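What follows is the residue order along each chain.
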Amino acid sequence: MPQIIDAKGKPCPTPVLMAKGAMAQGADAFTVLVDNPTAVENLKRLADNQGFSAAVREGNGTYALDFVKTGSCDACEAAIQSPLPAPGTDWAVFVGRDIIGDGDRELGTNLMRMFFYTLTQGEDKPGAVLFMNAGVRLPTLDGQVVEHLKALAEAGVEIQVCGTCLNFYGLSDRLQVGTVSNMYDIVTRMQRAGKVLSL
Amino acid sequence: MDYGLITFASTHGAISAQKALEPVAAVRVMPVLREISLGCGMALRFPPQALETVQRTLAGSELRPGEYALYAITGSGPALRAEPLPAHKG
Numbered sequence: 001m002p003q004i005i006d007a008k009g010k011p012c013p014t015p016v017l018m019a020k021g022a023m024a025q026g027a028d029a030f031t032v033l034v035d036n037p038t039a040v041e042n043l044k045r046l047a048d049n050q051g052f053s054a055a056v057r058e059g060n061g062t063y064a065l066d067f068v069k070t071g072s073c074d075a076c077e078a079a080i081q082s083p084l085p086a087p088g089t090d091w092a093v094f095v096g097r098d099i100i101g102d103g104d105r106e107l108g109t110n111l112m113r114m115f116f117y118t119l120t121q122g123e124d125k126p127g128a129v130l131f132m133n134a135g136v137r138l139p140t141l142d143g144q145v146v147e148h149l150k151a152l153a154e155a156g157v158e159i160q161v162c163g164t165c166l167n168f169y170g171l172s173d174r175l176q177v178g179t180v181s182n183m184y185d186i187v188t189r190m191q192r193a194g195k196v197l198s199l
Numbered sequence: 001m002d003y004g005l006i007t008f009a010s011t012h013g014a015i016s017a018q019k020a021l022e023p024v025a026a027v028r029v030m031p032v033l034r035e036i037s038l039g040c041g042m043a044l045r046f047p048p049q050a051l052e053t054v055q056r057t058l059a060g061s062e063l064r065p066g067e068y069a070l071y072a073i074t075g076s077g078p079a080l081r082a083e084p085l086p087a088h089k090g
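Listed in order, the protein sequences are those of chains P and F.
Under the working numbering, think of the first position of the first sequence as 1, with each following residue one higher.
Under the working numbering, think of the first position of the second sequence as 1, with each following residue one higher.
Rather than coming from a laboratory, the hints here were simulated on the basis of the structure.
Keep in mind that this is a model prediction, so the values were computed, not measured.
Certain hints may be false.
Okay, the calculated beta carbon distance ranges per label pair [to be verified]:
(1) Gly-77(F) to Arg-192(P): 24 to 34 Å
(2) Glu-154(P) to Ala-82(F): 24 to 34 Å
(3) Tyr-184(P) to Glu-35(F): 43 to 53 Å
If we take Cβ atoms under 10 Å as the criterion, some of the chain F residues that face chain P in the derived model are [unchecked claim]:
(4) Thr-11
(5) Ala-14
(6) Ile-15
(7) Gln-18
(8) Arg-28
(9) Val-29
(10) Met-30
(11) Pro-31
(12) Gly-41
(13) Met-42
(14) Ala-43
(15) Arg-45
(16) Ser-76
Glycine residues also receive a C-beta, built at the ideal position from the N, C-alpha and C atoms.
For reference, chain P alone in the conformation it holds in the complex (with noise of 0.2 Å):
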């Protein structure tokens, strides 16, 4: 008989802990009982990411997940089939301003632009590069800044742009280079990096 775990009425992440705490002790088979839609949705992903099935029943207004081990996991296949960095060789630029440092605007967006000039040249580029907050006006806005973020994608640095800053600033329709990414993958990222330089 699977376990089952019942997170009903649980404020999210707690049905998503319980459900990693049954994989981490090991369990291949379990049961998960939520009663909110954005619950099952969140599970599901868990599921797809950990390499196991979650089939859903639903009634009166309870949702039953039925976890089982498949063994494959989309996302696990891509990170084993993805040559992971040497320690120390990956890093990653956190770009959250339009400028650098404090100060005068033009002298600090100059600084920017000299920085990513920089790094075209340079043998040791970033794994990644991410943008958030104003540090999205760069990759929509700054006509020279575009320039060096397609050569430096082109060179196999991932840009990643916040898509919640892009749509406060209005600047969703005009994204030059790079994907529109959030805060899981742009932690992700920084996680994976050996070292992140913020701007």
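Please build the complex by placing chain F on the supplied structure of chain P, with the hints as guidance.
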């Protein structure tokens, strides 16, 4: 030359030249090359075909001839060559 480079005696001079040149030539901001370590850290690069426009625009700007210098850059890394160019055509 692969591209032209303008160095400046001051950062204010570089920004002033940038404003004058951006409407007429495809200039890009870059750090001064280590091989030419004079002036402030901010330089402008331009495509070879823009040389005359750059010379003419700078000559008509508020910058004085001694406040900037032009170079023709060829190659990169250890093979980089920087040849001084006249500030004015002719």
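Unsatisfied constraints (hint numbers, rising): none
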